[in-house]
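Asks: So the chains spell out like this:
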Amino acid sequence: MQRRIEDLRGQGYPVRNAHFSLRTKSGGVKQKGRRFMETGSPEAEKQSHAIFRECQRGVAASFPVCIGIVPFALVLGAAAAQKGLAPFEVLFLTGLNFAGGSEFAAIQVWSNPPRVLLITFLTFLVNSRHLVMGATLAPFLERYPKKKVLPALFFMCDESWALGYEDANRRVSRGIRNAFSMSFYLGASLCLYGTWAGCTTAGAIAGPVLGDVRVYGVDMAIPAVFLVLLKGQWPGFKAAGPWAVSLAAAAAAYLFIPGSWHILSGTVAGLIAAYIMGGRDARLV
Amino acid sequence: MLAWSNALTALCMASVTYLTRIAGFAALRNRRLSPRLMSVLRVAPGCVLVSLLAPNVVSGELADMLALAATLIAALRLPMLPTVLIGMAAAALFRFFLT
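Chains as they are written, first to last, in my numbering: chain A, 40 to 324; chain B, 7 to 105.
Isolated chain A, as found in the complex (with noise of 0.2 Å):
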């Protein structure tokens, strides 16, 4: 190692850096030399302190939206806990789903055993508006590698989206060529990832010792959240035709048919119509 050292310094490479870059274990001496000297130079200090402050900035825009996912993360962690979940199976729930409309979803339908299919496809459908999100900011990534993309696309919550889609038009609107960020998209996201993974599980830490939560009617948070999504994407009385289809077709299969097939048989309907009036009325796209 001394040798390596002196072999950098032979090329005019300070020390103190040396010793940082020959501990990464990729890549050879010759390889180690160049990183070394890019994370050296002026211009490079320069974007790494653009890059923390971007960052900064995403950090910064998250944390009004973090707060608001607080209680939705307690009581979202206090249904599972009611519906059997252990804290650590909540953990890997939401670290690895990350997706708070499609975890409220399967809670709502979860039993001992769950029903692995429907939840799945409850999950699917629930997530399918991440087609459109990631459709939306696909003409933004397309200059960054694939390997970045595809680690960044999974912290794509509608929050982390709305932030970095927002965050990229401004930016467009003030001429800035590589309008979407992808430091202060992290930023963003890590911050609410962190979040929603740690409330869920101190709610369902929390949830048993609260006892039955109905008296304090905290089982209506739940069809609350889904209210205001839905007035968020309130397409407008025209448009909204699949949606009362969907809702007929639920409360029927509801009220005559036994088990949960009321989602299944709601959404399907549902789509059949929006598949139906997509071709009658373009103006919808």
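Treat the hints as calculated values from the structure; they're not laboratory data.
Each residue gets a CB set at the ideal place from its N, CA and C atoms; glycine is no exception.
Misleading hints may appear alongside valid ones.
[Stated by the list, open to error] Sample of chain A residues at the chain B side, in silico, Cβ under 8 Å:
hint : residue
1    : Pro-152
2    : Ile-158
3    : Val-165
4    : His-169
5    : Gly-173
6    : Glu-181
7    : Gly-214
8    : Val-254
9    : Leu-268
10   : Ala-278
11   : Ala-290
[Stated by the list, open to error] Short derived list, chain B residues pointing at chain A, Cβ under 10 Å:
hint : residue
12   : Ala-20
13   : Phe-31
14   : Ala-32
15   : Leu-43
16   : Gly-52
17   : Thr-89
18   : Val-90
19   : Phe-103
For chain A, the structure is supplied; the task is to place chain B on it using the hints.
Replies: Same frame as chain A, but now just chain B:
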């Protein structure tokens, strides 16, 4: 303890969720979906949410339905957090006085 059925369900959920996250990007990198499919995708999350809400709408319990109506009115005007608090308060109050 991680029960295997719970773990399996969580893993399945996580897999399809990640799939939805990358598929939109992957599919639309260079292409566009047909307008008809886009319109279906746009209302799909709402269809699911409405279907999940349906039992609350037709629950037949006066207190719950009144609370849901109050929550709906709140949801039309207020952001997420106040709506949830109002919904919970309404449910607690109506249940206390009507049952």
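Asks: Is the shortest C-beta separation between A:Gly-173 and chain B less than 8 Å?
Replies: holds (3 Å)
Asks: Using 8 Å as the Cβ threshold, decide whether A:Ala-278 counts as touching chain B.
Replies: This hint holds: A:Ala-278 lies near chain B, its Cβ roughly 7 Å from the closest one there, short of 8 Å.
Asks: Let me know if the C-beta of A:Leu-268 comes in closer than 8 Å to any C-beta of chain B, holds or violated.
Replies: Holds - the Cβ of A:Leu-268 comes within 8 Å of chain B, reaching about 6 Å at its closest.
Asks: Please check whether A:His-169 passes as an interface residue: C-beta within 8 Å of a C-beta belonging to chain B.
Replies: Given a least distance of 4 Å, the restraint on A:His-169 holds.
Asks: Grab the minimum C-beta distance from A:Val-254 to chain B and call the hint holds if it beats 8 Å, violated otherwise.
Replies: holds (7 Å)
Asks: Can you verify the interface hint for A:Pro-152: is its Cβ closer than 8 Å to any Cβ in chain B?
Replies: holds (4 Å)
Asks: Given B:Thr-89 as an interface hint, is its Cβ closer than 10 Å to any Cβ of chain A?
Replies: The hint holds - B:Thr-89 has a Cβ within 10 Å of chain A, the shortest such distance being about 5 Å.
Asks: Given a cut of 10 Å on the nearest C-beta pair, is the interface hint for B:Phe-103 held or broken against chain A?
Replies: violated (12 Å)
Asks: Under 10 Å is the threshold here; is the Cβ of B:Phe-31 close enough to any Cβ of chain A for the hint to stand?
Replies: holds (4 Å)
Asks: Report holds or violated for the interface hint on A:Ala-290, using the least CB-CB distance to chain B and a cut-off of 8 Å.
Replies: A:Ala-290 check passes; min Cβ-Cβ to chain B is 5 Å, inside 8 Å.
Asks: Hey, does the A:Val-165 contact hint survive, CB to chain B under 8 Å?
Replies: holds (5 Å)
Asks: Classify the hint on B:Ala-20 as holds or violated, based on whether any CB of chain A lies nearer than 10 Å to its CB.
Replies: holds (4 Å)
Consistency with the previously given hints fails for numbers 7 and 19, ordered from lowest to highest.
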